[in-house]
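Chains as they are written, first to last, in my numbering: chain L, 81 to 193; chain B, 1307 to 1417.
Just so you know, the hints here were simulated from the structure itself, not pulled from any lab data.
A virtual CB, placed ideally from N, CA and C, is assigned to each residue, including glycine.
One thing to keep in mind: the hints can contain errors.
What the hints assert, rightly or not - Here are the simulated lysine-lysine pairs, DSS-like style, with alpha carbons at most 27 Å apart:
(1) B:Lys1348 <-> L:Lys158
(2) L:Lys104 <-> L:Lys148
(3) B:Lys1374 <-> B:Lys1363
(4) B:Lys1364 <-> B:Lys1377
(5) B:Lys1321 <-> B:Lys1364
(6) B:Lys1311 <-> B:Lys1364
(7) L:Lys148 <-> B:Lys1374
(8) L:Lys104 <-> B:Lys1348
(9) B:Lys1374 <-> B:Lys1311
Said to hold, decoys possible - Quick list of the computed label-pair ranges, beta carbon to beta carbon:
(10) B:Ser1316 <-> L:Pro150: 18 to 28 Å
(11) L:Ser107 <-> B:Lys1348: 40 to 50 Å
(12) L:Arg177 <-> B:Asn1373: 41 to 51 Å
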Amino acid sequence: DAGVIQSPRHEVTEMGQEVTLRCKPISGHDYLFWYRQTMMRGLELLIYFNNNVPIDDSGMPEDRFSAKMPNASFSTLKIQPSEPRDSAVYFCASSLRGNNEQFFGPGTRLTVL
Amino acid sequence: QQQVKQSPQSLIVQKGGIPIINCAYENTAFDYFPWYQQFPGKGPALLIAIRPDVSEKKEGRFTISFNKSAKQFSLHIMDSQPGDSATYFCAASIASNQFYFGTGTSLTVIP
Chain L
81 DAGVIQSPRH
91 EVTEMGQEVT
101 LRCKPISGHD
111 YLFWYRQTMM
121 RGLELLIYFN
131 NNVPIDDSGM
141 PEDRFSAKMP
151 NASFSTLKIQ
161 PSEPRDSAVY
171 FCASSLRGNN
181 EQFFGPGTRL
191 TVL
Chain B
1307 QQQVKQSPQS
1317 LIVQKGGIPI
1327 INCAYENTAF
1337 DYFPWYQQFP
1347 GKGPALLIAI
1357 RPDVSEKKEG
1367 RFTISFNKSA
1377 KQFSLHIMDS
1387 QPGDSATYFC
1397 AASIASNQFY
1407 FGTGTSLTVI
1417 P
């Protein structure tokens, strides 16, 4: 099993640009989570999906952030326009209903200049 | 509002020592308390977890102690090794898959 796959692993962009982060969950998992990790705030849940449907997006910081899950094997997190304060590591995780363990991807380190 | 409060922020111990990381929560509806371990450049990975119907759980050198009345739980690492150097996160959830994570503890085990 390849685990949760995220791309790109590193992204450097300039303020105002659109950024798209991608995630492929573990096959068969029906929950998908997007987290942001910073030194100041630790791991923050941004949004999570169940069976491709967004369940709770209360953690999405601003309207500049949006997430989609068009099918069971793919999700995107988009930031438009990006700002320097969005610089962080973004993790995607997936889990299987009935099993509380979340499996995290390797993360995308985003730097907005 | 931080649902789960974790301390200390960082910890340095000698090899063989027993680092202890503490977490506290307020919501008594939480029913699942995992600890995740994260190495640099990697995503967090489940280390050990406990439910509130038991007061202690051991897996190898890792032990969770759970105090339901105090709404606190802690991670103990017995005979710590340099390879245990990592960031540790506690978390809590309510019957769903939504986790509330602590802010993390950076552990360094000195050889």
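*Hint by hint, which ones does this structure get wrong, listed from lowest number up?*
7, 10, 11 and 12
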